[in-house]
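Protein chains: 2
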Amino acid sequence: MLAEIITVGDELLLGQTIDTNSAWMGEKLALAGIAVERITTLSDEPAALVAALDLALESRGLVLITGGLGPTVDDRTKQVLSTYFKAPLVQNDEVLADITHWFSSRGFPMLPSNVDQALLPDTCEVLPNPQGTAQGMWFTVEGTDQVVVSMPGVPYEMKGIMVDEVIPRLVARFSLPTRYHRTVLTQGIGESFLSQHVASWEVGLVNRGVSIAYLPAPGQVRVRLSAVSEIRDEAILRVEQELSDFKLQCGDWIVSDVEGESLAEALVRTFTDERMTFAVAESCTGGAIAASITAIPGSSACFVGGVVSYVNQVKINLLGVSPDTLEAHGAVSESVVKEMAEGALHTTGADFALATSGIAGPGGGSEHIPVGTIWISIAGLNGVEARLLHFGQNRIRNIEKTRLEGQAWLLRKLKEYKSAVD
Amino acid sequence: MLAEIITVGDELLLGQTIDTNSAWMGEKLALAGIAVERITTLSDEPAALVAALDLALESRGLVLITGGLGPTVDDRTKQVLSTYFKAPLVQNDEVLADITHWFSSRGFPMLPSNVDQALLPDTCEVLPNPQGTAQGMWFTVEGTDQVVVSMPGVPYEMKGIMVDEVIPRLVARFSLPTRYHRTVLTQGIGESFLSQHVASWEVGLVNRGVSIAYLPAPGQVRVRLSAVSEIRDEAILRVEQELSDFKLQCGDWIVSDVEGESLAEALVRTFTDERMTFAVAESCTGGAIAASITAIPGSSACFVGGVVSYVNQVKINLLGVSPDTLEAHGAVSESVVKEMAEGALHTTGADFALATSGIAGPGGGSEHIPVGTIWISIAGLNGVEARLLHFGQNRIRNIEKTRLEGQAWLLRKLKEYKSAVD
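Chains as they are written, first to last, in my numbering: chain R, 2 to 423; chain C, 2 to 423.
Among these hints, one or two may not hold up.
Given that identical chains are not distinguished, each listed pair holds provided it fits within a single copy or across any two copies.
[As the list claims (entries may be wrong)] With a Cα cut of at most 20 Å, we get these calculated DMTMM-like pairs of lysine to aspartate or glutamate:
hint, residue 1, residue 2
1, K160, E386
2, K414, D274
3, K29, D165
4, K29, D76
5, K29, D11
6, K414, D253
7, K29, E12
8, K87, E143
9, K419, E235
10, K414, E231
11, K402, E335
12, K419, D258
13, K402, E328
14, K419, E231
15, K416, D253
16, K402, D55
17, K160, D146
What the hints contain is simulated information worked out from the structure, not anything from laboratory work.
All chains, full assembly: derive it from the sequences and hints.
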């Protein structure tokens with residue numbers, strides 16, 4: 002089953018908007034067993050869409066279009082599809098009632114162009130969009146089993162229609178076999194080293210009916226195991242069995258085995274489950290650790306806050322770091338980062354505290370302490386420790402890598418403490 | 002002058018990588034006067050690239066290809082282009098010397114596949130890539146003035162080759178007229194309201210030879226004025242004149258008139274220029290304000306740090322907020338946010354302090370203080386003030402909007418102070 006994605010909009014060609022829809026759709030379709038063979042991005046010009054549809058339907062069974070469904074004059078996808086499929090626009094009373102309700106419930110005035118959004122091609126199946134006023138449309142190409150789907154370009158509206166309407170219909174219509182997958186998040190080992198570590202297990206994986214994908218992100222690798230089977234339970238059994246083997250071999254690097262969970266989310270979940278709290282004392286990461294934690298709903302259950310100690314006086318005043326230690330060792334040192342972690346622990350009353358102090362760059366480095374030299378420390382119920390990290394020249398990457406390394410270490414420290422006391 | 006962008010790589014179709022290159026290239030080409038008419042994303046399969054090239058060259062004068070130039074077996078773009086343009090691969094000694102130096106200077110071993118990267122089609126012009134080992138290639142289609150350019154898919158390598166090699170060659174080769182543009186960043190007013198505010202000025206803009214683009218981002222609008230002329234000084238004069246008029250009308254909302262500068266960068270630049278410092282006391286923004294500031298190189302010149310006071314005890318212990326005030330008014334209140342700002346000012350010794358306290362959501366709201374209720378306060382050389390903001394239900398957007406509103410206000414406060422004392 003091959004598919005093409007067509008995204009419509011001048012703003013995509015002019016670089017005013019980055020197309021994130023296609024990647025999201027590509028992943029979801031791949032997991033359903035449908036391979037995207039081409040993505041085409043077009044202007045709002047009707048002739049361009051007609052030509053792209055002709056070309057796509059030469060060889061693809063499925064065409065998914067996003068964009069061009071808004072109420073303004075530059076949105077012409079619906080009109081093009083009405084003509085292309087010889088399906089005149091007729092008013093859909095149910096959709097009109099939904100749109101009317103959408104506006105009245107928000108207290109917004111309804112314009113004639115919004116009423117027109119209830120005009121839909123008469124042969125299409127309407128794919129309801131509860132989050133907006135532009136409906137999804139499902140067309141079957143006459144005399145074939147090819148399908149053309151049109152959705153709005155607003156990402157959360159498109160995602161809702163894909164998950165609730167399109168994917169279930171595709172699975173039913175094309176009798177796609179059951180696919181089952183699990184992903185785990187690893188941290189602290191590169192993709193090629195990870196693959197080498199499990200080489201002997203990996204080599205037989207295909208014969209055991211499971212495929213593996215390494216999805217690298219900066220500093221992390223997400224590993225996905227998937228299986229296809231006519232019988233759902235069999236696919237599940239195969240994947241779960243191999244996942245157990247993988248975890249036995251790579252447990253030290255796994256920071257989450259919850260589908261799609263980030264490291265920060267795993268940290269918040271684990272601390273909350275254990276009814277433990279933590280604080281931060283951030284120098285070179287400058288608030289990035291706190292910000293990634295507090296972006297997560299419910300993080301206040303385990304995160305108490307902390308200090309961004311960007312200058313030495315703040316380290317002294319707020320964290321109780323000794324001026325003598327700063328004088329003797331400098332801010333980027335084992336002694337200072339430990340005092341920062343202990344200070345944060347003491348002043349906030351949290352169970353654990355994570356501290357960072359280093360040279361993020363690009364300036365501020367010296368011969369003895371070059372850019373990328375970063376100390377991290379954890380103080381907590383099992384004492385205080387510090388580690389020295391060496392990264393490169395890129396400021397943003399140094400901050401992000403320090404955050405990930407620190408959060409992964411904090412997660413391990415909590416687990417060590419729990420297994421020691423249990 | 003019409004162009005097509007072709008991006009190559011299975012990872013783009015599978016959704017493992019979001020294509021950010023095309024939007025960046027689309028914007029740069031538009032500014033140079035070249036319109037991208039289509040973006041096509043393909044697999045690593047050679048036949049797909051050949052078919053896409055044939056189609057693109059039917060109607061486009063310029064085709065830009067990214068991806069498929071790495072040293073591994075799935076990278077086949079160079080081989081396809083060699084065959085397509087009947088240009089055998091020959092070793093380029095200069096490139097080989099550069100690649101050899103690239104590896105030796107980093108202490109990495111050089112593999113045979115890296116030596117092969119010095120094999121290049123004999124008729125192409127090499128576009129040097131100082132940041133990597135895959136070179137850019139510039140082909141002229143025989144018997145036409147059409148151009149095909151191939152670049153690596155790594156964003157910073159592609160960007161370097163575009164800026165240093167491709168754009169200057171395109172301008173020279175196609176005698177593109179001079180374009181000049183300036184952008185300003187506005188904050189606190191929506192796109193349509195901004196356009197309405199300057200309606201009478203805007204209506205005559207085209208006749209005065211200047212075009213305007215509104216580039217909206219969450220909470221902000223970037224406004225770009227541009228002009229095209231055979232004479233560069235004339236284009237500059239026209240744009241600068243209109244920009245002055247725009248600034249007179251919209252000065253209150255302009256947070257930066259430096260090309261491409263973000264609000265956080267404008268804040269750091271202005272505080273540094275004025276030799277002033279600031280601190281933060283973040284409750285609902287949870288470190289996001291500090292993190293956006295410290296992501297900027299050199300921010301330590303004006304940013305001293307601060308406190309993430311996620312729980313009340315941290316507000317009391319680290320910021321000196323009175324337990325009585327918390328008891329009487331609650332954490333999300335004018336009194337508490339002012340005490341937070343004053344506490345941060347006092348304890349860090351900065352010239353200004355910005356504080357936030359609110360309900361970011363999705364949980365934690367009540368009938369009296371619903372999700373999206375957020376207090377911000379600034380304490381500093383001109384006293385202490387607080388403002389109440391009302392946002393929606395989305396946690397991430399609430400945090401981001403509060404950050405922007407707070408930073409824009411802090412920038413205004415500093416300017417007010419400076420104009421009062423000067």
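Exercise. Can you list which hints this structure breaks, lowest number first?
Worked result: Hints 1, 4, 9, 10, 13, 14, 16 and 17 contradicted; others consistent.
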